[in-house]
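**Student:** First to last, the sequence lines map onto chains A and B. Going by the working numbering, the first sequence opens with residue 1, and the numbers climb by one from there. Going by the working numbering, the second sequence opens with residue 263, and the numbers climb by one from there.
Derived from the structure by calculation, the hints contain no laboratory data. Bear in mind that the values here come from a model prediction, so they are computed numbers and not experimental data. Careful, some of the hints might be misleading.
[Said to hold, decoys possible] Footprint (simulated), chain A over chain B, 3 or more residues, beta carbon under 8 Å:
{"id": "1", "segment": "357–366"}
{"id": "2", "segment": "379–390"}
{"id": "3", "segment": "400–414"}
{"id": "4", "segment": "451–462"}
{"id": "5", "segment": "512–522"}
{"id": "6", "segment": "564–576"}
Where is the CB? At the ideal position from N, CA and C, for every residue including glycine.
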Amino acid sequence: MRIVVCVKHVPDLMADRRLGEDGRVARDGGDGTLNELDENAVEAALVLAEEHDAEVVALTMGPDDAEDAVRRALQMGADRAVHVLDDALAGTDVFGTARVLAAAVRRIAEDGPVDLVMTGMASLDALTSMLPAALAAELDLPQLTLAAGVDVADGAVRVRRDLDHATEVLRAPLPALVSVTDQANEPRYPAFAGIMAARKKPVDTVDLADLGIDPATVGTGGARTQVLSAAERPPRTDRVLITDEGDAGVRLAEYLVEHKLV
Amino acid sequence: MTTPAEADVLVLIDHADDGTLRPQVRELLTLGRAIGTVHGVWVTGAGATPPPAALEEVGGHGAPVVHVLDTGSVHPRLTPVVAEALAGLVGPATRAVLVSSSFENKEVAARLGVLTGAGTMVDVTAVEVGPDRLVVDKQVFAATWTSRCTVRTPLAVLGVKPHAVEAEATSADPAVAVTHEVEVSATARAVEVVERTERAPSDRPDLGAAQVVVVGGRGTEGDFSLLDELADVLGGAVGATRVATDEGWIDKDAQIGQTGVTVAPRLYIGAGVSGAVHHRGGMQASGTIVAINTDADAPIFEIADLGIVGDLREVVPRAIAELRRLRG
Ligand SMILES: Cc1cc2nc3c(=O)[nH]c(=O)nc-3n(C[C@H](O)[C@H](O)[C@H](O)COP(=O)(O)OP(=O)(O)OC[C@H]3O[C@@H](n4cnc5c(N)ncnc54)[C@H](O)[C@@H]3O)c2cc1C
Chain A
1 MRIVVCVKHV
11 PDLMADRRLG
21 EDGRVARDGG
31 DGTLNELDEN
41 AVEAALVLAE
51 EHDAEVVALT
61 MGPDDAEDAV
71 RRALQMGADR
81 AVHVLDDALA
91 GTDVFGTARV
101 LAAAVRRIAE
111 DGPVDLVMTG
121 MASLDALTSM
131 LPAALAAELD
141 LPQLTLAAGV
151 DVADGAVRVR
161 RDLDHATEVL
171 RAPLPALVSV
181 TDQANEPRYP
191 AFAGIMAARK
201 KPVDTVDLAD
211 LGIDPATVGT
221 GGARTQVLSA
231 AERPPRTDRV
241 LITDEGDAGV
251 RLAEYLVEHK
261 LV
Chain B
263 MTTPAEADVL
273 VLIDHADDGT
283 LRPQVRELLT
293 LGRAIGTVHG
303 VWVTGAGATP
313 PPAALEEVGG
323 HGAPVVHVLD
333 TGSVHPRLTP
343 VVAEALAGLV
353 GPATRAVLVS
363 SSFENKEVAA
373 RLGVLTGAGT
383 MVDVTAVEVG
393 PDRLVVDKQV
403 FAATWTSRCT
413 VRTPLAVLGV
423 KPHAVEAEAT
433 SADPAVAVTH
443 EVEVSATARA
453 VEVVERTERA
463 PSDRPDLGAA
473 QVVVVGGRGT
483 EGDFSLLDEL
493 ADVLGGAVGA
503 TRVATDEGWI
513 DKDAQIGQTG
523 VTVAPRLYIG
533 AGVSGAVHHR
543 GGMQASGTIV
553 AINTDADAPI
563 FEIADLGIVG
573 DLREVVPRAI
583 AELRRLRG
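Kindly generate the complete structure, drawing on both the sequences and the hints.
**Tutor:** Right, dumping it as structure tokens:
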């Protein structure tokens with residue numbers, strides 16, 4: 001069995017995230033990390049791999065420092081990694097990203113079939129949560145998204161998921177795409193031995209030519225939407241901090257009335 | 263490009279399993295009217311049809327026709343099924359497809375984008391209809407930034423957040439249901455819904471759409487009764503942090519944050535909530551933020567318009583009593 005887990009390098013949540021002049025996520029901060037929610041996907045892949053004796057391939061697309069994201073996946077226990085790196089990818093939208101990742105998955109499948117493609121539920125930056133569904137569509141795979149629990153048995157994958165209004169159990173035959181939520185597991189912290197071992201694990205860097213993708217169809221030029229402007233939310237002004245001396249409940253009520261919030 | 267008169271807009275009509283409309287549908291229909299002629303789209307299976315009350319609401323908000331797309335034996339809730347069904351209705355005159363920006367509908371939007379080649383955006387907070395293009399405001403970085411974008415393709419697929427427009431009724435005529443049987447791909451059919459349990463709707467306003475949201479965290483120590491009472495007095499919804507939902511103090515669908523519901527009410531009141539970055543991601547676009555926390559260094563005070571350093575068990579009951587008194 002072979003599992004491909006897609007990971008992304010994103011600006012650190014705690015750092016000052018911003019959009020650059022061109023409306024794209026500014027990546028000059030140097031304090032990026034593996035998208036936290038992708039750690040849940042890596043963990044889920046590793047658990048399944050342990051049960052089913054599978055190979056786990058971490059896949060990422062992004063600039064040079066995106067290699068840190070696959071490195072982290074390798075430290076956690078993935079066997080090898082593929083990094084799609086090409087200058088023409090800057091500014092690629094979610095659909096271009098899905099096409100590139102799909103081509104990379106197909107390339108990995110040349111070494112032997114890929115049974116599961118796994119992703120986190122969303123990237124905690126600008127791409128929102130559209131990628132898993134777009135990637136499943138590109139790969140023409142059954143999608144089982146937002147999994148809070150995943151099992152594989154008898155050539156089928158089964159997930160449990162909690163949606164806004166309902167709880168569901170879904171099942172589909174392999175191969176399939178599964179996205180997992182932060183509820184799926186507690187990602188392992190790489191042990192020292194894992195960090196050492198990861199240094200020797202192969203990271204295969206491929207470009208668009210290797211994947212047979214025309215650079216004109218990706219990047220800012222290939223995007224279907226265009227950012228006109230971007231602005232940070234203005235800071236809140238007139239903020240008040242009070243300490244309760246028995247009167248804060250009353251002051252809260254007065255505040256709500258005064259600001260016409262009741 | 264087409265003018266509103268010749269442009270068609272498809273609006274996905276979200277509904278509960280019993281056919282009750284989700285509240286945001288009215289806003290989407292209202293928004294759709296600014297773009298063109300609105301058609302409701304109701305995806306269903308096994309011959310189920312929209313109840314009369316739903317047709318009245320949809321017609322009343324400006325869609326004379328509801329296309330009922332019947333997927334037969336295939337489960338109509340699966341997002342690839344919904345996307346394929348919707349794609350079948352997209353024609354040359356379709357200028358926009360509007361869906362709510364829930365986790366599920368973002369998948370519908372993504373798949374429609376792949377199927378139709380449409381420019382697709384989610385987390386949309388405002389839409390401006392230009393003569394030849396749509397200009398859209400959307401939130402990024404958990405609503406700490408807003409970006410203004412334009413759709414380069416003739417068709418736009420938009421996932422819209424609650425409150426992008428105010429719902430407005432226009433007509434007294436119910437919509438007419440037109441049923442189409444739809445076939446979906448083998449891949450979409452390959453997913454089987456083994457179990458589905460829909461939670462009963464609560465009497466309170468829908469969390470994502472509520473104008474007042476009262477939120478409890480670990481500081482409640484599991485007792486949400488005071489917050490329920492405050493929410494009732496304010497006519498608001500009750501939300502929670504992941505700690506509170508993980509502990510089972512309240513349903514999972516009450517979780518606000520990056521991996522839960524995103525809210526942007528006029529008033530957010532957090533009690534016993536520290537304001538962790540994951541939680542802030544789901545509430546910091548709120549109009550007014552009030553925080554009650556015993557710890558003066560709690561990060562939520564960094565974004566609170568009114569911060570109260572105090573014990574929620576002291577502050578909340580007094581606030582409730584005073585609000586009742588002020589109202590007489
Ligand atoms: C990948 C990931 C995703 C996550 N997604 C989410 C998400 O979507 N939503 C979410 O909420 N969390 C999420 N979390 C969890 C998040 O990081 C925090 O752990 C969580 O939000 C903290 O919840 P809390 O504020 O209830 O608890 P705590 O951080 O423990 O804070 C409790 C607060 O209550 C105060 N307090 C205690 N007693 C009282 C009292 N009597 N009166 C007043 N104040 C009192 C304390 O001073 C403290 O500040 C996520 C975490 C991860 C890793």
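**Student:** State for each hint whether it applies.
**Tutor:** Now the hints, each set against the structure:
no. : hint    : verdict
1   : 357–366 : holds (count 3)
2   : 379–390 : holds (count 7)
3   : 400–414 : holds (count 13)
4   : 451–462 : holds (count 10)
5   : 512–522 : holds (count 4)
6   : 564–576 : holds (count 10)
Consistency with the previously given hints is maintained throughout, with no hint failing.
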